[in-house]
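Peer 1: Here are the chains, one letter per residue:
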Amino acid sequence: MAKARDIPGIEPDATFRDAAASAVETRAEEVFAFRDRVLDTSDIEGVHDMRVATRRLRAVMEIFAVCFPKKQHRRALDQVKELADVLGERRDPDVMLDRLSELAEEVEGLEELQAELRERQAGANERLAAALERFERDRLRERLLVLAAEARAE
Amino acid sequence: MKARKVKGLDPDGPLVDNMRRVILVRLDELYGFEDKARDPANVEELHDMRIAAKRLRYLLELSGPLFGAEAKRSAKVVKSLQDVLGEIHDCDELLEVAHARGLDPLAAHTHGRRARLHESFTREWDSLEEDGFRDRLEAALRADVPREEK
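Chains L and U supply the protein sequences, listed in that same order.
For the first sequence, our numbering gives the first residue as 82, with consecutive numbering after it.
For the second sequence, our numbering gives the first residue as 28, with consecutive numbering after it.
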């Protein structure tokens, strides 16, 4: 699992709003850095890394919520939550398939379930691809960076 | 599980003071589950405790530069708790699937695994209590923070 990047400017006397800006900028860039790896079904770690990064982004958006303009923050946060959900749907069959492959020698009758999970994986991958395109058209990354800048400017 | 609202946050106030407030609320949220989480049958509460642990862990990771070694150590402790709660949650998801499909051998195996994981969780929680985790973290949060001389 990829380690979280250090956030610049996390110092005791930094203002809450400056830290908010820095945190959202850093965590937003982290999420989109995984964009290229995430649709490769042979690399399940890409999905996992993007999902963890999205959770960390959501966490800083919630921690520092008071520092951002309410409407823009709400809209961006809703989309980050949506991204987290669609990544979760994609990740869940990976986790289950991994677990089942460990159990295959000890427990009988798993083949049908494994086949269903692979189909679910493929379907979730298509939905993830569609969601990522939608977020790109909607310029989610850019809006997160603008939101961060607004925290500093207020 | 919706996070409790933290009162008194000031966007123009020092980061350290604001973060202290948030961490204390999230720490209290985590401990709010301690009694119910001891019963392995409380699936929802164990899931909610995992979410609470995750929120606290991300906060502590962020706060390392503010509250020093104890915050960093505490982040690792909470991560370990989150990990075992995560594995319990994975078992719960797999059990739901196994029961829905009548996969009795899978259900039996997963029940056994879940029971062992829950025992591991209660041992870990007891160890955390014996170590005075909450008191130590609260003391670190309330200690004077070394400021750089300007």
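Keep in mind that the hints were calculated from the coordinates and are not lab data.
Some hints here could point you the wrong way.
Derived pair list, reagent style DSSO-like, types lysine-lysine, alpha-carbon separation capped at 27 Å [said to hold, decoys possible]: (1) L:151 <-> L:162; (2) U:63 <-> L:152; (3) U:63 <-> U:103; (4) L:162 <-> U:106; (5) L:162 <-> U:34; (6) L:162 <-> U:103; (7) L:152 <-> U:34; (8) U:63 <-> L:151; (9) L:151 <-> U:106; (10) L:151 <-> U:99; (11) L:152 <-> U:29; (12) L:84 <-> U:99.
The structure presented is a predicted model; accordingly, all values stated were derived computationally and were not measured.
Peer 1: All hints, please: hold or fail.
Peer 2: So, going through the hints one by one against the coordinates:
no.: 1; hint: L:151 <-> L:162; result: 16 Å, holds
no.: 2; hint: U:63 <-> L:152; result: 37 Å, violated
no.: 3; hint: U:63 <-> U:103; result: 23 Å, holds
no.: 4; hint: L:162 <-> U:106; result: 22 Å, holds
no.: 5; hint: L:162 <-> U:34; result: 23 Å, holds
no.: 6; hint: L:162 <-> U:103; result: 25 Å, holds
no.: 7; hint: L:152 <-> U:34; result: 20 Å, holds
no.: 8; hint: U:63 <-> L:151; result: 35 Å, violated
no.: 9; hint: L:151 <-> U:106; result: 31 Å, violated
no.: 10; hint: L:151 <-> U:99; result: 31 Å, violated
no.: 11; hint: L:152 <-> U:29; result: 19 Å, holds
no.: 12; hint: L:84 <-> U:99; result: 14 Å, holds
In this structure, the hints that do not hold are numbers 2, 8, 9, 10, in rising order.
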